[in-house]
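Undergrad: Go ahead and model the full structure; you've got the sequences and the hints to work with.
If you read the sequence shown in our numbering, its first letter stands for residue 51, the second for the next number, and so on.
Any given hint might turn out to be false.
Claimed, not checked - With a Cα cut of at most 30 Å, we get these calculated DSS-like pairs of lysine-lysine:
| id | residue 1 | residue 2 |
| --- | --- | --- |
| 1 | Lys116 | Lys144 |
| 2 | Lys167 | Lys225 |
| 3 | Lys225 | Lys97 |
None of these hints come from the bench; they were simulated from the model.
From a predicted model like this one, the values you see are computed outputs, not experimental measurements.
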Amino acid sequence: MHTLLRNLLLILSIVFLTAQLQAQVIPQKIGIVDVEYIINKHPDTKKIEADLQAYEDQLRKQLESKYNEYQVKLEDYKRGGSVLPPAVKADKEKELMTMQQSIQQFETTAQEDLQSKSISMLDPLLNKIQLSIDKVAAANNYTYIISTHVDSGGSAIILYAKNKAEDDISNLVLKDMGVVITPTTTTPSK
Numbered sequence: 051m052h053t054l055l056r057n058l059l060l061i062l063s064i065v066f067l068t069a070q071l072q073a074q075v076i077p078q079k080i081g082i083v084d085v086e087y088i089i090n091k092h093p094d095t096k097k098i099e100a101d102l103q104a105y106e107d108q109l110r111k112q113l114e115s116k117y118n119e120y121q122v123k124l125e126d127y128k129r130g131g132s133v134l135p136p137a138v139k140a141d142k143e144k145e146l147m148t149m150q151q152s153i154q155q156f157e158t159t160a161q162e163d164l165q166s167k168s169i170s171m172l173d174p175l176l177n178k179i180q181l182s183i184d185k186v187a188a189a190n191n192y193t194y195i196i197s198t199h200v201d202s203g204g205s206a207i208i209l210y211a212k213n214k215a216e217d218d219i220s221n222l223v224l225k226d227m228g229v230v231i232t233p234t235t236t237t238p239s240k
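TA: This is how it looks when you write it as structure tokens:
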């Protein structure tokens with residue numbers, strides 16, 4: 051029984067070491083991609099930006115309309131507030147406070163709506179980019195693709211790239227997506 055256990059441990063150790071050696075022998079190819087660069091170069095981005103700007107302008111006009119209406123009522127109140135009966139004065143003050151709260155609520159909702167619309171409009175492009183990254187990475191035998199995106203702390207996610215020009219697949223992704231790269235267009239250097 052003791053010998054059987056020892057032999058089993060020896061066999062498991064040999065299998066484990068063999069697996070470790072095989073894992074070390076397999077070369078891994080790592081590429082980098084700058085998704086922001088791809089988004090900026092992609093022709094769909096201009097339409098998305100224009101649509102978002104139009105939506106933002108529409109929201110801004112609605113907000114300005116609400117604010118102008120508030121300003122008119124506030125000026126009316128200031129002009130006649132001293133001669134108004136107390137009940138009417140209190141009613142006007144309440145109306146002004148309600149309008150002010152409505153404006154603040156609209157601002158908050160408008161910002162949330164704009165952010166939500168931005169995400170929903172960018173999602174299809176981001177999905178296209180991801181599909182193209184997958185395709186280019188598979189076609190060029192990359193094991194991993196790392197984003198060069200800068201995180202919220204200002205640090206790039208990729209800390210080292212031995213041959214950045216060779217490993218950056220951003221232009222390959224754009225080419226795969228049918229975006230023509232002009233000779234003056236180069237892969238971004240970060």
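Undergrad: Given the hint that Lys167 pairs with Lys225, test it: the Cα-Cα distance must not exceed 30 Å.
TA: 28 Å, holds
Undergrad: Holds or violated: Lys225 and Lys97, Cα atoms, limit 30 Å.
TA: 20 Å, holds
Undergrad: Between Lys116 and Lys144, is the straight-line Cα distance small enough, at 30 Å or below?
TA: Cα-Cα ~16 Å, so holds.
Figure legend: structure checked against the earlier numbered hints; every hint is met.
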